[in-house]
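Protein chains in written order, with our numbering: chain A, 13 to 248; chain B, 668 to 1053.
It should be emphasised that the hints constitute simulated quantities derived from the structure, not laboratory data.
Note that the structure is predicted; figures quoted are calculated from it, not measured.
Just so you know, not all the hints are guaranteed correct.
Taking lysine-lysine pairs in the DSBU-like style, the calculated list, with each CA pair at most 35 Å apart, reads [what the hints assert, rightly or not]: (1) Lys-852/B with Lys-871/B; (2) Lys-871/B with Lys-132/A; (3) Lys-132/A with Lys-674/B; (4) Lys-154/A with Lys-674/B; (5) Lys-852/B with Lys-139/A.
Chain A regions said to be covered by chain B (calculated; three or more residues, Cβ under 8 Å) [unchecked claim]: (6) 67-80; (7) 85-97; (8) 132-143.
Pair by pair, the computed Cβ-Cβ distance ranges are [unchecked claim]: (9) Lys-93/A with Lys-925/B: 37 to 45 Å; (10) Leu-1029/B with Gln-17/A: 55 to 63 Å; (11) Ala-31/A with Lys-1041/B: 15 to 23 Å; (12) Gln-950/B with Gln-17/A: 52 to 60 Å; (13) Ala-1000/B with Gly-33/A: 56 to 64 Å; (14) Leu-957/B with Lys-93/A: 24 to 32 Å; (15) Asn-129/A with Lys-1041/B: 24 to 32 Å; (16) Arg-101/A with Gln-950/B: 45 to 53 Å; (17) Gln-950/B with Ala-158/A: 23 to 31 Å.
We treat Cβ as the ideally placed atom computed from N, Cα and C, and that holds for glycine.
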Amino acid sequence: MTEKQLAVHCQHIGKTYQAGGQKIVALNDIKLEIALGELMMLVGPSGCGKTTLISVIAGILDQDEGSCALFGEDLQQMRSKDKLNFRARNIGFVFQAYNLLPSLTAVENVSVPLIINGVKRAVAERKAGEILELVGLGTRTKSLPAQLSGGQQQRVAIARALVHSPRLIVCDEPTSALDHETGQTVMGLLKDVALHADRALVIVTHDARIFNFADRIAKMDDGHITSVGAVNGLLG
Amino acid sequence: MNHIALKMLMGDKGKYLGIVMGLTFASLIMTQQPAIFVGLMSRSYSFISDVGLPDIWVMDPKVQFVDDIKPLQDTELYRVRGISGVQWAMPMYKGLLKARLTDGTFQTCNVIGLDDTTLIGGPPIMLSGKIEDLRRSDSVIVDIDGARDKLGKPSPTSGGKRIPLAVGDTLELNDHRAIVVGIAKVTRTFQSQPVVYTTYSRAKSYAPRERKLLSFVLVKAKPGQDIAQLTRRIRAATGLSAYSHNEFKELTYNYFMKNTGIPINFGISVALGFIVGAAVAGQTFYNFTLENLRQFGVLKAMGANNLTLLRMILLQAVLVGSIGYGLGVGLTALFGHAMRHTILAFKFPWQLLIFSGAGVSLICVFAALISIIKVIRLEPAIVFKS
């Protein structure tokens, strides 16, 4: 796989935290490649470093060692402003707790990434409405997050992650707050709507019921990636 | 991003109102208390303000403020009249005399004696009667507050309201008969005694026998005459103190500022209001930011830069600041309006608007600053914490 075809290329990533005077190694010599068009899941027990790794991949946390390139660009080498712009254009986020702005309607929440990218509000909201239609929430565009169910809120979050057509979508436990059926629907939506040849998806999850949606799974433990492979090969 | 900032602010109505109310309270206390202070301090020189016609007040050099009377000899009046640049100079008596009321009780009155011919220095507003009526024998004019209250006649029924003194009623001033020929409206002063106007010669007859009875010489400068130069000339020629209208007000004001506890008491009140307002509004605003930290983190993770977030917080601070300030100032104005007919001293000059505006701005800047620091230091990775 050439560098150009890779969405994510992490080499020898290391990250250490200081807590109570003690050094905690969160990531240790991580090597990971995620191709465009691939849905990669990061799995492992709590505290194994999944969230730290996803934060490094998304460019919102700097690693102490190694390099991590997104679409061939090393974010750590970028100036802060360029990194922000890169993130605003190329990365979409889906969070465990949805993290929708509670005082904004669904359509306003979805339009936020476009507004951050300098798109005018009216245009952004029109496009946000189209994406909400795509995720099956065309009739709830004016609803506040509190007026939506968990599954609907997560669909709004997916719409928000997609609206600016990013090349990488980073999802943190997207189904952990949802029941099985809704979780399957949300994953189906992510796979169908979010994933295509020019985009990669990285999903951190504990939820074994959604492993079958992954193209590959990277198992983590104690700051290391212990194995990477296809779902059947790894779990079967 | 402005509409997002505003929606974030107003989304939680309880907190939004809490911040606005904190700032309203701060703004109210920062305008209402100083307005009372200004009102009270302006009472210290209100007698000078009421006597608007003369340009210069001449008095004994030891006089420290308007009620600190150190009498002069009548001959000083003629010395002042002889100075070049003086258009006219008139005598004024000001002193405390005892009045005997119809029920036999005594009341100390602030008696003002005006030049017999011109009656210069008389009350600013006549409510009944005419100032010229002072030319009638034994006549006096009484201020309305004194007439209603301290000089009022006792009620025929026990515990009833006093009957206000009216034109035609009589008093005894130091055993001299005085007939009320007018009721006047004067600006309240620090002294709570009723004000009684009469002529200079009659005032002298009421006053206990003293060698010197002239309190002030009121001077009008000739047209085009430089007031500062004329005061200097009067001082040089007579050895007396001469102050322009504003200088005499300032002298009186400064005396009260330096020698009474009023400024420090009100200063403490205003400072306390500022601190409480700052603490309430600052704390609420900071808490609001803290509670929205995750939302700011989400925006930061999605690529919003610090400048954008800073603008959002500033917009929120400016909005709550403006609303709180407007409400506080409005409440102060309403308070002043409601109290306009009471004894309460209240004066609300435009400078107070600037003062409280600066105070509220300071609170908002402070609250926004600590919030901004928190947001700028925020690690966007916070968004992945559940």
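Against the structure, the hints:
1. Lys-852/B with Lys-871/B: holds, 23 Å
2. Lys-871/B with Lys-132/A: Not satisfied, since the Cα-Cα distance of roughly 84 Å exceeds 35 Å.
3. Lys-132/A with Lys-674/B: The given pair, whose Cα atoms are some 17 Å apart, holds under the 35 Å limit.
4. Lys-154/A with Lys-674/B: holds, 14 Å
5. Lys-852/B with Lys-139/A: Violated, because 71 Å separates the two Cα atoms, which is more than 35 Å.
6. 67-80: Three-residue rule met by the segment 67-80 of chain A, so holds; n is 4.
7. 85-97: holds (count 3)
8. 132-143: Our answer is that it is violated, as 1 residues pass the Cβ test (under 8 Å) against chain B, missing three.
9. Lys-93/A with Lys-925/B: 37 to 45 Å: violated, 57 Å
10. Leu-1029/B with Gln-17/A: 55 to 63 Å: holds, 57 Å
11. Ala-31/A with Lys-1041/B: 15 to 23 Å: At 21 Å between Cβs, range holds.
12. Gln-950/B with Gln-17/A: 52 to 60 Å: Distance hint for Gln-950/B, Gln-17/A holds at roughly 53 Å.
13. Ala-1000/B with Gly-33/A: 56 to 64 Å: holds, 58 Å
14. Leu-957/B with Lys-93/A: 24 to 32 Å: holds, 26 Å
15. Asn-129/A with Lys-1041/B: 24 to 32 Å: At roughly 25 Å between Cβ atoms, Lys-1041/B and Asn-129/A fall inside 24 to 32 Å, so the hint holds.
16. Arg-101/A with Gln-950/B: 45 to 53 Å: This hint is violated: roughly 38 Å between Cβ atoms.
17. Gln-950/B with Ala-158/A: 23 to 31 Å: holds, 26 Å
Hints 2, 5, 8, 9, 16, counting from the list given before, are not met by this structure.
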